[in-house]
Amino acid sequence: AQKVTQAQTEISVVEKEDVTLDCVYETRDTTYYLFWYKQPPSGELVFLIRRNSFDEQNEISGRYSWNFQKSTSSFNFTITASQVVDSAVYFCALFGVPITQGGSEKLVFGKGTKLTVNP
Amino acid sequence: DAGITQSPRHKVTETGTPVTLRCHQTENHRYMYWYRQDPGHGLRLIHYSYGVKDTDKGEVSDGYSVSRSKTEDFLLTLESATSSQTSVYFCAISVGTGGNSPLHFGNGTRLTVT
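Heads up: the protein sequence lines correspond to chains A and B, in order.
Quick note on my numbering: the first sequence kicks off at 1 and runs consecutively.
Quick note on my numbering: the second sequence kicks off at 120 and runs consecutively.
Honestly, the hints are just simulated from the structure, not real lab data.
These numbers were taken from a predicted model, which means no experiment stands behind them.
For each residue, glycine too, the CB sits at the ideal point set by N, CA and C.
Mixed in with the good hints there might be a few duds.
The calculated BS3-like cross-link candidates involving lysine-lysine, where the alpha carbons are at most 27 Å apart (straight line), are [what the hints assert, rightly or not]:
| id | chain 1 | residue 1 | chain 2 | residue 2 |
| --- | --- | --- | --- | --- |
| 1 | A | Lys106 | B | Lys172 |
| 2 | A | Lys3 | A | Lys114 |
| 3 | B | Lys176 | A | Lys106 |
| 4 | B | Lys172 | A | Lys38 |
| 5 | B | Lys189 | A | Lys106 |
| 6 | B | Lys130 | A | Lys38 |
| 7 | A | Lys38 | A | Lys114 |
| 8 | A | Lys111 | B | Lys130 |
| 9 | B | Lys176 | A | Lys111 |
Residues from chain A that face chain B, not an exhaustive set, calculated with beta carbons under 10 Å [to be verified]:
| id | residue |
| --- | --- |
| 10 | Phe47 |
| 11 | Phe91 |
| 12 | Gly110 |
Excised from the complex, chain B in its bound form (with noise of 0.2 Å):
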């Protein structure tokens, strides 16, 4: 286990409305990401961190930002849900020096936009 928690587990929100997803690490891993999982698309990464405050973008980035003032903490916000949100999120962290790294995962927040 790699310490990470993801909350909430399950959302569900309404469209328009902003969204904070937050992952937490108890590992002080440098490096974590953002993906989503969606049928036929497999997993797609919207950002990731490299440190504290240092974040970048993903494939899939547009409509969401990241925070990470500390090296625990990532969090994804959604500022105005759609419905082409609705997925399955998954945060990562890379035990290593970052993407050559196996990742660890979250157990996933399901967010449903209606």
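So here's chain A without its partners, still in its complex pose (with noise of 0.2 Å):
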């Protein structure tokens, strides 16, 4: 069974903060990929970014990175000097690839984390 922690239900940080948002999976297959994908309040879900699990290196785009451990299965997302407009729900998803043809297409989500950045 696959399965995505999002342990942190909510972050609040002020503006500039560092802030780390934690994903933790669990898969069998030995292939698979990750992501995550932004909602801000407006309510549409963006992808920010995929990685398979053959890819550890880390990410940065801007002001956001990802770390990405298999040792720890952990895919987890850094926003550094957080800004207002980063304020959203963060969902981290996984993606397996089962071994035997006719695997089923089921992407899994986290519960998502919820981020305030304050003024």
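Put the two chains together into one complex, using the hints given.
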């Protein structure tokens, strides 16, 4: 079974603080993909990043960075110098690739972390 | 913009009535999905489609059916709506070859069952 745990339900920070959103996953598949999505207060869901299980390099995109560690089954997301516009619910998601053909297409989402950045 | 339109955007209906939500895409993608979003549950997959007339169940498919008679349209039907189906429903398309590709989501349909 696949599972994604985002233990932080809500986080509140003050602008310019750094903040890390935790994501821990479980899968028995050797090939899998991890994702982060953002849902701002307006409600739309926006794709942020995808990582496959064979690429453990960290990624940085502006103020955003992602730390993928297979040893701890974690794919954490850090926002540096947070801004009010970063306020959103952030979802981590996992897609495992079954070894056998005909495996189902099940992207599993965590329950999300609501980040509030206060001015 | 991945060209996804959901309709209606908001709907209020009574328990026991059938409801159909529509998802329309303009980019001819093969994979389409229906998710529901509820507080404390995140996003959960209801049904998905991997081609015309090819659909499969997700983790919360009870009480829902889908149809895909054309590439561009994916319909979600609540046969007999219940209050537990009050939720925000999101349609999504995979821009690649399935669940290993990023999803692009529609703007959601807020459904209230009274």
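Verification of the supplied hints:
1. A:Lys106 x B:Lys172: Status holds; Cα separation ~19 Å.
2. A:Lys3 x A:Lys114: Distance of about 19 Å is within 27 Å: holds.
3. B:Lys176 x A:Lys106: Given that 27 Å is the threshold and the Cα spacing comes to 9 Å, the pair holds.
4. B:Lys172 x A:Lys38: With a Cα-Cα distance of about 31 Å, the restraint between lysine 172 (chain B) and lysine 38 (chain A) is violated, given a limit of 27 Å.
5. B:Lys189 x A:Lys106: Distance of about 22 Å is within 27 Å: holds.
6. B:Lys130 x A:Lys38: holds, 25 Å
7. A:Lys38 x A:Lys114: Given that 27 Å is the threshold and the Cα spacing comes to 10 Å, the pair holds.
8. A:Lys111 x B:Lys130: Satisfied, since the Cα-Cα distance of roughly 25 Å is no more than 27 Å.
9. B:Lys176 x A:Lys111: Measuring from Cα to Cα gives roughly 20 Å; hence the hint holds.
10. Phe47: Phenylalanine 47 (chain A) check passes; min Cβ-Cβ to chain B is 4 Å, inside 10 Å.
11. Phe91: Constraint on phenylalanine 91 (chain A) satisfied, holds at 6 Å.
12. Gly110: holds, 6 Å
The structure shown violates just one earlier hint, number 4.
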